[in-house]
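Work out the full structure, taking the sequences as your base and the hints as a guide.
Chain residues, written in single-letter form:
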Amino acid sequence: MTSLGAGPEPATRRGRSRPAGWLRGNVPGAAGALIVAGMVALAVVGPLVWGEAAARIDAAAILQGSSSEHPLGTDNLGRDLLARVLVAARYSLLLALAATLVGASAGVVLGTLPSVLPRRAARLATGTVNALVAFPGLLLAMFTAVVTGLGARGAVLGIGVAIAPGFARLTQTLAATVAGSDYVAAARMLGVSRRRVLTRHVLPNIAEPLILNLTQAFGGALLGLAGMSFLGLGVQPPQFDWGRLLFDGFPRIYLTPEVALGPAAAIALAGIGFNLLGDALARAAARTPAVGERPPPPPATGPAGEPDPGAVLEVRDLTVSFPGGLTPVRGLSLTAAPGEIVGLVGESGSGKSLTAAAIGGLVPYPGTVAYTALRLGGRDVATLPDRELGTELAMVFQDPLAALNPALKVGGQLAEVAVVHEDAGRAEARRRAVDRLGRVHLPEPGEVAGRHPHELSGGMRQRAVIAMGLMGTPRLIIADEPTTALDVTVQRQILRLLREVADETGAATLFISHDIAVVGELCDRVVVMYAGRVVEELPAGRLAAGAAHPYTKALIASLPDLDTDRSQPLAGIPGTQPAPARVGPGCAFAPRCALATERCESERPELAAHGGDGRRVACWEVK
Amino acid sequence: MIIKNLSVRYGRRTAVDDVTLEIPDGQVVGLVGESGSGKSSLARAVCGLVPHTGSVQGARRVQMVFQDPYASLDPRMTVAQTVAEGAGAGQVERLLGLVRLPAELAGRYPRELSGGQRQRVAIARALGGDPALLVADEITSSLDVSVQAAVLNLIRGLREELGLSMLFISHNLAVVRYVADVVAVMHRGRLVEVGPAEQVVGEPAHEYTRALLAAVPRLRG
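First to last, the sequence lines map onto chains A and B.
For the numbering used here, add 1 to where a residue sits in the first sequence, where the first one is 1.
For the numbering used here, add 36 to where a residue sits in the second sequence, where the first one is 1.
Errors might be hidden in some of the hints.
To be verified - Partial chain B-side listing against chain A, Cβ under 7 Å, derived:
| no. | residue |
| --- | --- |
| 1 | 56 |
| 2 | 108 |
| 3 | 122 |
To be verified - Beta-carbon label-pair distances, calculated as ranges:
| no. | chain 1 | residue 1 | chain 2 | residue 2 | range |
| --- | --- | --- | --- | --- | --- |
| 4 | A | 596 | B | 54 | 52 to 62 Å |
| 5 | A | 575 | B | 106 | 21 to 31 Å |
| 6 | A | 452 | B | 71 | 15 to 25 Å |
| 7 | A | 564 | B | 90 | 54 to 64 Å |
What the hints assert, rightly or not - Which chain B residues stay away from chain A? Per the calculated CB distances, all over 12 Å, these:
| no. | residue |
| --- | --- |
| 8 | 38 |
| 9 | 40 |
| 10 | 48 |
| 11 | 54 |
| 12 | 89 |
| 13 | 90 |
| 14 | 94 |
| 15 | 129 |
| 16 | 166 |
| 17 | 199 |
| 18 | 241 |
Please keep in mind that the hints were generated in silico from the structure rather than gathered at the bench.
Because the structure is a prediction, the values reported are computed rather than measured.
Each residue gets a CB set at the ideal place from its N, CA and C atoms; glycine is no exception.
Right, dumping it as structure tokens:
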């Protein structure tokens, strides 16, 4: 048995006790949370415990350095500085909270104005935000603080004003995305007012990132306020925050550095704590939650047996599973002969794309792939060196733009294949790239080679990707929905090209599509998948008249063509395909099948030969 | 209802070029064309969602159903809230019934629904605006074929039940032929052929229509 794990065994990394999901394995995030929790606790209890010590004036101990009695020394009235740093936590955090709230409220209001105002006024609001963002924040803060008067209030307003433009910009960008969505367009057509669109659609959908941003803004406000106090623009005596303590201690930094370093350390620690927590929260929100359970053990499989001499691709009992008992591909077997185009057809969720990914070794973590045989040209793909796999296997995907690097010219990307996999010289690789671009019928291949992917149309890009596959000597081409994003006339050309390539190079092609008409037109043989299993296999020419499985028949009947009787309703399939976790012991199609019997519900029919010419079907009701 | 001399320009690019198209009462007009032909721009102009020149006469209430049911429903609103947006809360049950959705789904969120169910919710929402014209822009192109069949049957049923006029847009000629009475073929911003569905498909007059028809994939045998 061969098993390809797509990553380290996850079960060994996860213990029984599970901390909150977003903190698991995230050391900086956990540190941030710990620091923030400590700071909040200090803000609550600090003044109660050390309040008296912080205020006690001791004429005998003025301007002292570090001692066992006063670890951080004393100030000009002989008050203990450690106590004062601990007590100042509450005021510092409260001021930062106030400044953050001022900044966030002003920013959100400013940022949402463009969505509610008429067009002209909206443009003015946008312009204002742009101008404010360009203005240095510190200058904005100091200006506001000076205008509104020295002291804590001025500093809070100043920092609030400095934070606001960033919030406004974020709000505006997020709101613009939501405002451009189809559901807002639908609401507008239904006559919903702009204000109601804002409160019902826009705000609820942008709230999450805004709230996450608050944590980081809070860290910024804390540092900003400390800076203002340090400049003498903030908190004035007898009140004190960390910035004020730093301001008072700074002149003595050369004699007794500890009196300045104490408050400085507190500011730094709090700032780091809030920023780490903010980062961790934002990252957790952007990531889909990981599934905690270990993947099911791969099914027991028999011996691999001898390679099929007539097959380029030989897949036997391929199973792809994910943690949580999900098995999207179950015991799939198929073969492809040289020059043969095999169509793999099924609806979304049938497992057809994962099958292709498993053959190409591209199943995403934490998926597990198991098989009794997965051979390319008679050799196990797990033992093939990457270099050989790179030239013998070509993959074409639905989105050619994702397969091409947008920053590089097309010719260079093609040439790279030959340079990396075959140690070809640059000139030789380039010559071959132009030749291959010509072979996929791109007009003026030399000129196309010098262009970037975005300068090509969708059909031209897909040709370039196919040309890239031809840079080596492919024995197998896997094409996963290669024409789905293309127009019908372009689709026709690409299908013709794939057939031509198969005929000329003798490479086998695995063509994956949801469209049974496309598959029927291009392929030699068709493999129909349902809920992770092959339910039928037959020559493509027999699809229209010779399909035996009720699912294949229903799939063909539900597709309107140019001769469909317009007076009759289309034959759809009631119900939906079961999710990979809900496939029962019997035939997966039974709940939707008109022919289903009790046996179908409880006992799964195996794929068995049916008639001649290599037809196979998995159904109890097919005689 | 008639679309008269309608043009849509984005900067210097003309997406829709002087299109005139009549949508007879209670009929479905199918609009086919490839990507970039201007069919979606035309749809959005008819709905008043993009600036345009020319006029749309006789269509007071226009509603639209969008291509991607995963993006056209507000993820934070329940089915009932979404459907009630135009019609009011009292109509939710009737509208869900019209699109053959069980009333139990009213409290669900879009993420709990399948693609076909979502598209039905979007249709119910549009019907809640009591439209004189329903614009359907590629509403089945992101659905599986078995689901597409059910949605196409629903569209035909609604048309008979409510006498809806409809502008049905698709890149798939076979789909358009199946639901539409009149087929209009769009190419590079212009209408190149308009006629009864069977006639356009059976005896295409324009070269481009013939090219489109020849490219439709067919099962052999």
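Which hints from the list above does the structure break, by number from lowest to highest? 1, 7, 16
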